[in-house]
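Undergrad: Sequence:
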Amino acid sequence: DKGDGKYTFTMPASRVTVEASFTPAPLPFEDVAPGAWYEEAVRYAYFHNIMEGMSETEFAPATALTRAMAVQILYNLEGQPDLSDENLGYPYEDVNAQAWYGNAVYWARITGVATGYGDGTFQPTDSITRQEFAQMLYNYAQYKGIILPAVGDLSKFPDGDKVSSWAQTAMKWATGLGVINGYEDTTLRPGGSTTRAEAASMIMSLSSKLTK
1 DKGDGKYTFT MPASRVTVEA SFTPAPLPFE DVAPGAWYEE AVRYAYFHNI
51 MEGMSETEFA PATALTRAMA VQILYNLEGQ PDLSDENLGY PYEDVNAQAW
101 YGNAVYWARI TGVATGYGDG TFQPTDSITR QEFAQMLYNY AQYKGIILPA
151 VGDLSKFPDG DKVSSWAQTA MKWATGLGVI NGYEDTTLRP GGSTTRAEAA
201 SMIMSLSSKL TK
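FYI, in our numbering the residues of the sequence shown are 1 to 212.
Hints were generated in silico from the structure; no laboratory data involved.
Hints are supplied without guarantee of correctness; some may be wrong.
[Stated by the list, open to error] Below, computed lysine to any residue pairings styled on SDA-like, alpha-carbon distance capped at 25 Å:
{"#": "1", "residue 1": "K172", "residue 2": "V151"}
{"#": "2", "residue 1": "K172", "residue 2": "S207"}
{"#": "3", "residue 1": "K209", "residue 2": "P149"}
{"#": "4", "residue 1": "K144", "residue 2": "S205"}
{"#": "5", "residue 1": "K172", "residue 2": "Y143"}
{"#": "6", "residue 1": "K162", "residue 2": "D185"}
{"#": "7", "residue 1": "K209", "residue 2": "Q142"}
{"#": "8", "residue 1": "K162", "residue 2": "T129"}
Based on the sequences and whatever the hints tell you, model everything.
TA: What follows is the structure in structure tokens.
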């Protein structure tokens, strides 16, 4: 092993057959059980540098996603574009530009992916609902100029009528594409918190659609 994925071997004098086998690189997270429904999504998000762990050994899949985490995920998905030439304005009184999510918040604002509230705040530590995250994903697709026509039928979910009016288009789009699905009890839970495991799953699903 020479490092950086390079290997050497000494060729014997006789004829040989060289075969290689591959196994998935291990995740560093002790709280992501092998075979868990979200394992593949966490693996995708982590190895594509879209999501990090809450620590070196914890992904915290059941932890609620915050608004700061949500915009950071999409900023990472976009490759963390340079903002040095942008007039960011820094309008949010509760966002420190030097915070780990500072650039992501302002990137989201200038691109229209996510905006703050009318009182001049962004509320980065608030948990984000499933319909709010769906709206951000929809905004991101719009920003990318990628047309992904899909109209899901919210009436097939027993609580589909709980989707807020402002989120109707985004939720129909997200469920139509399969980016957001119902739970085992068939509920959609649009006002429920988005977990980090769910976010990873949604991002992996959206990414597969964006690259087609």
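Undergrad: All hints are to be evaluated individually against the structure, with a verdict given for each.
TA: Comparing the hints with the structure gives:
1. In summary, the hint linking K172 to V151 is supported, as the alpha carbons are separated by about 5 Å, within the 25 Å threshold.
2. Taking the CA atoms of K172 and S207, the gap is about 18 Å. The hint holds against a cut of 25 Å.
3. A threshold of 25 Å between alpha carbons decides the hint, and for K209 with P149 the separation of about 11 Å falls inside it, so the pair holds.
4. Proposed proximity of K144 and S205 is supported: the alpha carbons are some 16 Å apart, at most 25 Å.
5. Restraint check: the Cα-Cα separation between K172 and Y143 comes to about 18 Å, which is no more than 25 Å; the hinted pair holds.
6. Distance hint between K162 and D185 is fulfilled; the C-alpha atoms sit about 16 Å from each other, no more than 25 Å.
7. Under the criterion of a C-alpha separation no larger than 25 Å, the hint pairing K209 with Q142 is consistent with the structure, at around 13 Å.
8. Restraint check for K162 and T129: the C-alpha separation of about 12 Å stays at or below 25 Å, so the hint holds.
Violated hints: none; the structure is consistent with every hint.
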